[in-house]
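Asks: Sequence:
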Amino acid sequence: MNRFSDIDCSFKKLTPVYGFRSEKLVTIEKALEPIQSQIANLPYYIQIAKNHCHYPSEHGLTRDESASIYIYTMEWGEQSLYRLLNQALRNENRQLLKVWFPYLKLFDTALNKLPTVKEVVWRGITADIGKDFTKNQIITWWSISSCSLSVNVIKGFLGNKRNSTMFLIEALNGKKVSAYTEYESEDEIILRLGTEFRVKSNALDHPNGSYVVHLIETDQEHNQTSTLVSSINQMQLTTNQISSKAKLNKWKQDAITVAGGHGEGRRLDQLSGPLGIFIDKKKNIFIADFNNHRIVKWEYNAYEGQIIAGGKGEGDRMNQLRCPTDVVVNQKNHSIIIADYGNKRVIQWMNQNQQILIDNIDCYGLAIDKHGFLYVSDCEKNEVRRWKMGEYNNEGIIVAGANGYGNQLDYPTFIFVDEEQSVYVTEWFNHRVMKWRKDAKEGIVVAGGNGEGRKLDQLSSPKEVIVDDLGQIYVADGGNDRVMRWCEGKEKGEIVVGENRRHSTFFLSTIINTFSGRRNQPNQLKRPTGLSFDDEGNLYVADYRNHRIEEFGIVL
Numbered sequence: 043m044n045r046f047s048d049i050d051c052s053f054k055k056l057t058p059v060y061g062f063r064s065e066k067l068v069t070i071e072k073a074l075e076p077i078q079s080q081i082a083n084l085p086y087y088i089q090i091a092k093n094h095c096h097y098p099s100e101h102g103l104t105r106d107e108s109a110s111i112y113i114y115t116m117e118w119g120e121q122s123l124y125r126l127l128n129q130a131l132r133n134e135n136r137q138l139l140k141v142w143f144p145y146l147k148l149f150d151t152a153l154n155k156l157p158t159v160k161e162v163v164w165r166g167i168t169a170d171i172g173k174d175f176t177k178n179q180i181i182t183w184w185s186i187s188s189c190s191l192s193v194n195v196i197k198g199f200l201g202n203k204r205n206s207t208m209f210l211i212e213a214l215n216g217k218k219v220s221a222y223t224e225y226e227s228e229d230e231i232i233l234r235l236g237t238e239f240r241v242k243s244n245a246l247d248h249p250n251g252s253y254v255v256h257l258i259e260t261d262q263e264h265n266q267t268s269t270l271v272s273s274i275n276q277m278q279l280t281t282n283q284i285s286s287k288a289k290l291n292k293w294k295q296d297a298i299t300v301a302g303g304h305g306e307g308r309r310l311d312q313l314s315g316p317l318g319i320f321i322d323k324k325k326n327i328f329i330a331d332f333n334n335h336r337i338v339k340w341e342y343n344a345y346e347g348q349i350i351a352g353g354k355g356e357g358d359r360m361n362q363l364r365c366p367t368d369v370v371v372n373q374k375n376h377s378i379i380i381a382d383y384g385n386k387r388v389i390q391w392m393n394q395n396q397q398i399l400i401d402n403i404d405c406y407g408l409a410i411d412k413h414g415f416l417y418v419s420d421c422e423k424n425e426v427r428r429w430k431m432g433e434y435n436n437e438g439i440i441v442a443g444a445n446g447y448g449n450q451l452d453y454p455t456f457i458f459v460d461e462e463q464s465v466y467v468t469e470w471f472n473h474r475v476m477k478w479r480k481d482a483k484e485g486i487v488v489a490g491g492n493g494e495g496r497k498l499d500q501l502s503s504p505k506e507v508i509v510d511d512l513g514q515i516y517v518a519d520g521g522n523d524r525v526m527r528w529c530e531g532k533e534k535g536e537i538v539v540g541e542n543r544r545h546s547t548f549f550l551s552t553i554i555n556t557f558s559g560r561r562n563q564p565n566q567l568k569r570p571t572g573l574s575f576d577d578e579g580n581l582y583v584a585d586y587r588n589h590r591i592e593e594f595g596i597v598l
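Our numbering numbers the first residue of the sequence shown as 43 and each following residue consecutively.
By construction, these hints were calculated from the structure, which means they are not laboratory data. Ideal Cβ placement from N, Cα and C applies to all residues, glycine included. One thing to keep in mind: the hints can contain errors.
To be verified - Ranges of calculated distance between the beta carbons of each label pair, as one might list FRET restraints: (1) LYS55 <-> ASP261: 26 to 34 Å; (2) ASN361 <-> ASP311: 20 to 28 Å; (3) LYS55 <-> ASP401: 49 to 57 Å; (4) LYS423 <-> GLY491: 33 to 41 Å; (5) SER52 <-> HIS101: 42 to 50 Å; (6) ASN44 <-> ASP261: 46 to 54 Å; (7) ILE537 <-> TYR97: 23 to 31 Å; (8) GLY414 <-> GLY305: 33 to 41 Å; (9) GLU306 <-> LYS423: 26 to 34 Å; (10) LYS534 <-> ASN361: 43 to 51 Å; (11) LYS197 <-> ASP261: 39 to 47 Å; (12) GLU437 <-> ILE486: 40 to 48 Å; (13) GLN80 <-> ASN361: 37 to 45 Å.
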């Protein structure tokens, strides 16, 4: 396969998203950093692209912008960048695209500076899919489409193979990239991701079993919703949209232990009662190691963690912690903000320097929104307050909880803030999750709220809550040893992982675990607390009583 024949034949209807447009423009090294684990020797290919790209550019492209086009056209086998990118663009799991957003922003910016071409262009594939296209059918190619102005280029790739399909395309918004590619003689034209077409007529078939399909690009100025490609961060779907259009993610039921798992203890390969967790873009895991009075950073695939805060014994000195419950990372300055629960303070660690941000507060959960505001739950005052980052010499603003019907909380613990600044709060004693929309005077119950229990409309001492980009609510149902998913407006949730009491690899170990109270198999949890997703959609759970962090791989 090459990029001219990298064609989606499935006719899938995908959720349109376009969040990469709001990304900041960065260097190509930074743009591709989130996907470095997917491509071996990626820095080497980046350097080739920067050395050989078309620069200076008569169209005003920077070297990084020009290199973003060049590296897209490079071929180095199954891990070629264009192959992995287009696979993600065609995948129903839109969360897989998030790691590509910085690169898509750079690539899209580069294309914007190039001339727009209204020409007949060609593509081809060595498969007899032509019969699947019918007159006036509307189709969308969700990935980036490489075409050529020369039919001979496409014929050269197809060779003399029978049962192939050629596409004759009347392009309206093609981008001429031939001068910026590794192979200038291919006369390459790129059609943007999410381009929509109308089939001009039924496919023309030839005696050797091949087809020619005539496509006309639709007018994107008048049909923008069909041509936009994907925004995980900006799109909030209603419950009806979720049930009718979006695919509900599933995860493997046997987890991989990615931190701890060597019994309870203080060694660097051990944890003791992990609570809140934070996953950064490099899949580093930051863990509030509650009983060890420390914050541990566990790098991706590492055998042991490293202590980055506390670890000096339980205490109230500036270099000590006492029962930390949650941790978040301020991505702007790479500082670590900790809910130092036992010392009643929120403290910041940056380059081994400590600063108390908020004092005399029964802090439990933390969150930072996209605007840089810090949210803290106070489990004794039964409220959540918000502070502007860097301005802590005030009492903050109450954004959830207070007195009065509809506003009461009972021991709020973990919190989550979505893109619209709605605040989700788990209540330990009320066994429910509450949601406060921005500036709302009272909250609504979005999960649980039917008393403590094991039924699908109940929770038991819930801990961390997170919300995905489709608005689905995930709760660590601590007392029930499971993670639940709730769609807002639904009366019942569903079990995502955990609560596996009988299934195990070995029947004997199941009997032993059941009667001993141990629930430490790969498909079991015991008092789950912290939750987080990585950029690929894998689910991480802090397994409190098993003293480990579990990764449940997403099922694609």
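Asks: What are the numbers of the hints that this structure violates, sorted from low to high?
Replies: 1, 4, 5, 6, 7, 11, 12
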